[in-house]
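Visitor: With the hints as extra help, turn the sequences into a complete structure.
Number of protein chains: 2
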Amino acid sequence: MEEKRPSISRGETEVLKALWQIEQGGVGEIYEAVDPSLDMDYSTVQTYVRRLEAKGYLTSQRRGRSKIYEAAIRRAQVVREAIDEFVHRMFDGDFLPMVKHLVDSREISSDEIDDLMRIVNELKQDQEDKDAS
Amino acid sequence: MEEKRPSISRGETEVLKALWQIEQGGVGEIYEAVDPSLDMDYSTVQTYVRRLEAKGYLTSQRRGRSKIYEAAIRRAQVVREAIDEFVHRMFDGDFLPMVKHLVDSREISSDEIDDLMRIVNELKQDQEDKDAS
DNA sequence: TCCTTTCGAGTACAAATGTACTCAATTCAT
DNA sequence: ATGAATTGAGTACATTTGTACTCGAAAGGA
Chain H
3 MEEKRPSISR
13 GETEVLKALW
23 QIEQGGVGEI
33 YEAVDPSLDM
43 DYSTVQTYVR
53 RLEAKGYLTS
63 QRRGRSKIYE
73 AAIRRAQVVR
83 EAIDEFVHRM
93 FDGDFLPMVK
103 HLVDSREISS
113 DEIDDLMRIV
123 NELKQDQEDK
133 DAS
Chain Z
3 MEEKRPSISR
13 GETEVLKALW
23 QIEQGGVGEI
33 YEAVDPSLDM
43 DYSTVQTYVR
53 RLEAKGYLTS
63 QRRGRSKIYE
73 AAIRRAQVVR
83 EAIDEFVHRM
93 FDGDFLPMVK
103 HLVDSREISS
113 DEIDDLMRIV
123 NELKQDQEDK
133 DAS
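Chains H and Z are the protein sequences, given in the same order.
Residues in the first sequence are numbered from 3 upward in steps of one, following this note's numbering.
Residues in the second sequence are numbered from 3 upward in steps of one, following this note's numbering.
No lab work stands behind these hints: they were computed from the structure.
These numbers were taken from a predicted model, which means no experiment stands behind them.
Treat the hints with caution; some may be incorrect.
Identical copies look the same in the list; a pair holds intra-copy or inter-copy alike.
[Said to hold, decoys possible] Simulated crosslink set (DSSO-like; lysine-lysine; CA at most 30 Å straight-line):
no.: 1; residue 1: LYS57; residue 2: LYS102
no.: 2; residue 1: LYS6; residue 2: LYS57
no.: 3; residue 1: LYS126; residue 2: LYS102
no.: 4; residue 1: LYS132; residue 2: LYS57
no.: 5; residue 1: LYS102; residue 2: LYS19
no.: 6; residue 1: LYS6; residue 2: LYS19
no.: 7; residue 1: LYS102; residue 2: LYS132
no.: 8; residue 1: LYS6; residue 2: LYS69
no.: 9; residue 1: LYS6; residue 2: LYS126
no.: 10; residue 1: LYS132; residue 2: LYS69
no.: 11; residue 1: LYS102; residue 2: LYS69
no.: 12; residue 1: LYS69; residue 2: LYS126
Guide: Below, the structure written as structure tokens:
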């Protein structure tokens, strides 16, 4: 089991997202990959990278003079933890009200509803399969 | 339309949750209502209340020597904004992957699946009703 | 070779956040 | 009435976060 690492801030999350996208790269490449609409300074990216490494979210290996970074934690893992944290914070850990809010508070296209249907049906299927065993 | 107020921190959120629960009350009562497992100091609650008022999340009215506070923003509103922020941050605004993660990353009881079904069916119903008009 | 660009490493610093103390006024129980 | 508890108001302070600058080494182009 991994240690539980410190949580990350919004800015750090953005940099991590960029790194997940490019899989690996130096600060320059990460900088390129960060959502441009954020208009994040190179130095700022640099700082976040440093902090992320300190927090154990990514590892680096030297290659010549520069450093290649790589995420040390999979996206799904971080996302899961963030969701858990969020559901606990806002709904005392009860995820259904969360889903309800999610779908209630925005307009959803028919396609999305169908996708939702599919997701839930799959769940139900799995559950029935399990019951049958 | 309301101004967009500053966002609130975890601690502030907890105090706001407490206030939503008791509807209204002085700092003492809010303090009592805060999730005890957080073990939040009276003074800390006091500070959060002050900051929440400054941020426009709650209003107060004097009653004698003490002050009665009341939430100025409905829970649903705050929750919606928080969810939006979260979905944007983690899923670039795309809520389906969010739901998928939500249901994938935990064990869900049959009852909960049925509830989910109900929620989604209701959605579908609404959508069809709308189409019919 | 000399200039420009690129990095890493370190430092800076204000705002936000978590957490708490002080003090003065007041209220309450004995 | 007097000491204890409560409350509002203000202050304190370390940590985290957002944002950025400096400096020096290396690398690459002219």
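Visitor: Could you run down the list of hints and mark each one as holding or not?
Guide: Here is how each hint holds up against the structure:
For a Cα distance limit of 30 Å, the shortest separation of LYS57 from LYS102 across copies, 28 Å, qualifies, whereas the shortest one inside one copy, 34 Å, does not. Within a single copy, LYS6 and LYS57 get their C-alpha atoms as close as 10 Å, which meets the 30 Å cut-off; across copies the closest is 33 Å, which misses it. Proximity of LYS126 and LYS102 under a CA criterion of 30 Å is satisfied in both settings, with 18 Å inside one chain copy and 14 Å between copies. In this assembly of identical chains, the alpha carbons of LYS132 and LYS57 never lie at most 30 Å apart, being 39 Å within a copy and 50 Å across copies at closest.
Taking the shortest Cα distances, LYS102 and LYS19 sit within 30 Å of each other both inside one copy (27 Å) and across copies (19 Å). Taking the closest pair of Cα atoms, LYS6 and LYS19 come within 30 Å of each other both inside a single copy (19 Å) and across two copies (27 Å). Within a single copy, LYS102 and LYS132 get their C-alpha atoms as close as 26 Å, and across copies as close as 19 Å, so both meet the 30 Å cut-off. Taking the shortest Cα distances, LYS6 and LYS69 sit within 30 Å of each other inside one copy (25 Å), while across copies they are farther apart (41 Å).
Taking CA atoms no more than 30 Å apart as the test, LYS6 paired with LYS126 passes in neither setting, with 32 Å inside one copy and 40 Å between copies. Proximity of LYS132 to LYS69 under the C-alpha cut-off of 30 Å is found in neither arrangement, the shortest distances being 47 Å within a copy and 56 Å between copies. For the homomeric pair LYS102 and LYS69, neither the shortest alpha-carbon distance inside one copy (45 Å) nor that between copies (35 Å) is at most 30 Å. Within a single copy, LYS69 and LYS126 get their C-alpha atoms no closer than 47 Å, and across copies no closer than 51 Å, so neither meets the 30 Å cut-off.
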